[in-house]
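Engineer: Note that the sequence shown covers residues 1 to 348 in the numbering used here.
Note that these hints are calculated values from the structure, not bench results. The beta carbon of each residue, even a glycine, is placed where N, CA and C say it ideally should be. Treat the hints with care, since some could be wrong.
With a Cα cut of at most 30 Å, we get these calculated BS3-like pairs of lysine-lysine [as the list claims (entries may be wrong)]:
#1 K116 with K245
#2 K337 with K308
#3 K11 with K116
#4 K264 with K69
Label-pair restraints from in silico Cβ distances [as the list claims (entries may be wrong)]:
#5 P169 with L304: 24 to 34 Å
#6 P86 with G186: 42 to 52 Å
#7 E40 with E216: 42 to 52 Å
#8 R110 with G9: 25 to 35 Å
#9 R76 with L145: 28 to 38 Å
#10 E40 with R76: 38 to 48 Å
#11 K148 with L304: 51 to 61 Å
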Amino acid sequence: MGEARLATGSKPAKPDFPGVDLDGVYTVPKDYEYLKKLREKVEEAEKIVIVGGGFIALEVGDEIRKLGKDVTLVVRSRLLRSSFDPEFSKMVEERLREVGINVVYGQVERFLGNGKVEKVKLLDGSEIPADLVILSTGYKPNVDLAVKAGLKVTRYGIWTDEYMRTSHPDIFAVGDCVEHRDFFTGKPYGLMLASTATFEARIAGANLFKLQIVRENKRTIGAYSTHVAGLTLAAAGLTEEAARKEGFEVIVGRASGPDRHPAKFPDTSMVTVKLIFSRDRGAILGAQIAGGKSVGEMINILALAIQKRLTASELYTMQIATHPLLTASPIGYQILKAAEDALAKLRT
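Use the sequences and the hints to build the structure in full.
Structural biologist: In structure tokens form, the structure reads like this:
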């Protein structure tokens with residue numbers, strides 16, 4: 001047979017709460033017709049409850065809020081927990097509340113209604129009125145075709161080697177449907193990002209067509225960005241919590257400041273940077289940033305720094321371009337300042 005590539009994506013993980021099949025309870029699949037219908041139902045509703053605290057939940061909630069709807073997020077733990085440390089979760093929660101989105105902490109027990117959802121009941125007994133519910137409780141890899149083809153599949157998706165080949169040497173797989181391996185630990189896990197999917201597609205494409213240079217996937221970092229309620233958040237690599245859990249002894253560098261200079265420019269935003277380094281050799285393990293839209297590109301610098309295992313010293317001596325209308329000042333550039341903060345702690 002000829003060579004083939006699988007990119008079957010992911011599908012919503014729908015929890016089995018009692019009442020989940022009531023009319024008015026929706027998920028967020030990658031299905032245009034379904035989402036078109038959901039948009040129509042959203043416009044008809046007034047009170048909308050979104051279950052989940054991840055990127056999709058926040059982004060969908062913010063867009064619905066712009067339509068003038070009453071939006072409530074039901075969050076089991078804290079916002080964006082897998083990608084950000086608590087101080088960033090608090091930052092985004094405060095911003096959501098400022099723009100009128102309700103954030104409720106608790107676990108769903110069931111959905112109530114007579115044929116159509118009317119309330120969301122939580123385990124603590126409280127009830128939240130709802131004309132419509134959107135479930136954003138995660139996604140699972142779409143491995144149906146891979147299973148039918150007899151490929152090796154794990155709980156995280158289709159198994160692939162470093163060249164993105166599956167257990168069949170002539171079949172490659174990329175994206176949400178595949179198992180990923182953590183950059184630092186090598187442990188398998190699930191990751192569903194368009195940027196990661198295209199990275200893997202570049203590797204698979206080169207190897208599929210036997211280009212001169214064989215490309216390898218040297219494990220996955222995971223780089224995220226989002227923009228909700230006027231706040232841009234981005235992260236790459238390990239959080240401080242995750243790094244400590246994996247046994248790393250860490251040093252954290254922090255810096256905050258305006259992303260223009262002088263700060264009086266009208267489109268200036270405050271940017272907060274957190275960098276996580278290993279204490280033993282000072283290599284960067286992770287990064288988190290919050291602020292204006294410049295954050296979206298700043299995280300890409302740090303994702304590459306993580307990939308190349310740069311140290312705090314190397315980041316501090318990084319040569320940069322600055323401009324008053326485009327960046328922080330050359331003496332206040334937040335990545336350099338956070339690296340400097342970490343270096344001071346490494347010396348103690």
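Engineer: Now, for every hint given, state plainly whether the structure supports it.
Structural biologist: Each hint, compared with the structure:
1. K116 with K245: violated, 43 Å
2. K337 with K308: Distance of about 20 Å is within 30 Å: holds.
3. K11 with K116: Holds. K11 to K116 sits at ~24 Å (cutoff 30 Å).
4. K264 with K69: Distance of about 34 Å is beyond 30 Å: violated.
5. P169 with L304: 24 to 34 Å: Distance hint for P169, L304 holds at roughly 31 Å.
6. P86 with G186: 42 to 52 Å: violated, 27 Å
7. E40 with E216: 42 to 52 Å: With a Cβ separation near 46 Å, E40 and E216 satisfy 42 to 52 Å, so the hint holds.
8. R110 with G9: 25 to 35 Å: holds, 30 Å
9. R76 with L145: 28 to 38 Å: Check passed, 32 Å falls within 28 to 38 Å.
10. E40 with R76: 38 to 48 Å: This hint is violated: roughly 29 Å between Cβ atoms.
11. K148 with L304: 51 to 61 Å: violated, 38 Å
In terms of the numbered hints stated before, the structure departs from hints 1, 4, 6, 10, 11, listed from lowest to highest.
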